[in-house]
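J.: So the protein sequences, as listed, match chains A and B. Here the first sequence is numbered in this note's numbering, starting from 1 and rising by one per residue. Here the second sequence is numbered in this note's numbering, starting from 1 and rising by one per residue.
Any given hint might turn out to be false.
Listed next, with one range per pair, are the computed distances between beta-carbon atoms [stated by the list, open to error]:
| no. | chain 1 | residue 1 | chain 2 | residue 2 | range |
| --- | --- | --- | --- | --- | --- |
| 1 | A | VAL190 | B | GLY139 | 39 to 47 Å |
| 2 | A | SER159 | B | ILE215 | 52 to 60 Å |
| 3 | B | GLN272 | A | PHE78 | 51 to 59 Å |
| 4 | B | SER122 | A | PHE78 | 37 to 45 Å |
| 5 | B | GLU170 | A | ALA30 | 57 to 65 Å |
Result set (EDC-like, lysine to aspartate or glutamate): computed pairs, CA atoms no more than 20 Å apart in a straight line [what the hints assert, rightly or not]:
| no. | chain 1 | residue 1 | chain 2 | residue 2 |
| --- | --- | --- | --- | --- |
| 6 | A | LYS240 | A | ASP43 |
| 7 | A | LYS80 | B | GLU135 |
| 8 | A | LYS80 | B | GLU97 |
| 9 | B | LYS241 | B | GLU225 |
| 10 | B | LYS70 | A | GLU93 |
| 11 | B | LYS70 | A | GLU94 |
| 12 | A | LYS80 | B | GLU252 |
Think of the hints as simulated: they come from the structure by calculation, not from any bench. The beta carbon of each residue, even a glycine, is placed where N, CA and C say it ideally should be.
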Amino acid sequence: MLWRNIVVFKKTWLTNMTFYFVEPLLYLSAMGLGLGAFIGEIDGTSYIQYIAPGIIASSAMWAAASESTYGSFVKMHFQKIYHAMVAAPLYIEEVVAGEILYAVFKAVIYGSIILLVITAFGLVASPWALLTPLVLVLAGFAFALLGMIWTGLVPKIDSFSFFFTLIITPMFLFSGVFFPIEGLPGFVQVAAWFLPLYHAVVLLRSLVFGNVDVFLLVHAAALVLIIILLYPYPQRLMRKRLGI
Amino acid sequence: MPDPIVIAKQLTKNYGSLQAVKGIDFNIYPGQCFGILGPNGAGKTTTVAMLYCFLPLTGGKLEVLGMDAKSQQRQIKQRLGIVPQDNNLDQELTVLENLVIYASYFEIKKKDAEKKALELLSFFNIMEKKDVDVEFLSGGMKRRLALARGLINTPDMLILDEPTTGLDPEARHMIWQHLRLLKQQGLTIVLTTHYLDEASHLCDHLFIIDQGEIIERGSPLTLVERHIGKYVLEVELPEEKQELVLTELAAEIYGHQLLGSTLFLYMRDENQALINRLQEYPFISYQLQRPANLEDVFLKLTGKGLLGHE
């Protein structure tokens, strides 16, 4: 499955990439330069520099989440590719695993590109940023699993808009991408601990700024825990969904 | 007779409370072209989907190529070729990529897969399309590609689910020709169809399934001989006259079937005298004598047309 997706990716990467790559940059420049002019500094850095690592994390999130929802649903429901594969000597678990790995692959690619771009803009302060792809793998897994669970549940492709409105967009807004969540009410800060994006943002921001300490391992562990908890569900749901 | 390569005993499949396949028994022998015939929703697709280990059985026993369909799914699939009802080709890939990537699911080496793929493309006359994206192929070509894909792993048995549904007559004949060639090469073929002409053209042996149960089995010829005879006389007449005609002709005919205002009279042999006699009835608006076929068998056994719209 992974190989199949990569063969397709090789053919469509240009349109794919520009799409995913232009949008984060629009956010980065509009918010960073536009809003940043009014805000000045947050935690001692310019606003654009503050949000840049968050944009890496969120573009990885969008990439993994949309691949594992819209992308996978089209392959499963309209193109019947899962059926074709399961009729061959593959198990549905392997097909789903391939889909998830591909979503992770995309998350890492898109996140890394944003990293390169912000490095070129001089927004990266520390060589710790080289660890970014590792964080992207964890984040990509978490979002891909969430997306696949949704794909295993929903009846129609339209139902994905709920996923994005109810889960992905709130996460995008309240995970500290654009402002420190310390300014929000206490319960939101507690809730943020359940959001994979929050941990990814904290990790990436610390790495990019070079503020590395042991506590970061807790955030990484939180991501790993989320992955472990979600891991069994996509495959079970998909087996049930296909009635096999 | 050699040992069967498929043995199904009391094969059962339930979807929730719906019994789609109700404990059927059948054997398939090597080299056979085996047909599974029935109207839409009869349980044909469910039966073959269990054969190729896509759907788990609810009950019964199923042995495919000497292996148990409950525990050796991967080994069985490795040796089967599948052509599903909806081609489910990969629309985003080219013709050749479809074959090579599908081959990778069988862990066939890329070099061997390409060689085999090119052989198959030339066999199915779609070589000139090898670098075209699948979405641009015609329906008949997609089917041929799906067939080629089913053969990429050089299977011991090819399973086709309604291979010509939705194709135009020329494309259907093309598929039939290829299937006959494959059969001559000794390949075992299992196909489901609701086209009776398709079954008579291709199958050596078949069963008719209706509402999850096998209602008859045998070769197309023996089934026709057993139930119908050699000829059928189709007669169009008002319903109130049907009984009169039937009583008068009872001695001449082998059997009959009524379907709306059409009366089907079964005859052992051609019977010109009978035809002449019928011409004397003024209320008969139409009559036709033709060779008996499988459709007559199905009509007789189920009391309805196979496509459900007659």
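J.: Which hints from the list above does the structure break, by number from lowest to highest?
T.: Of the numbered hints given earlier, those the structure breaks are 1, 2, 4, 6, 9, 12, listed in rising order.
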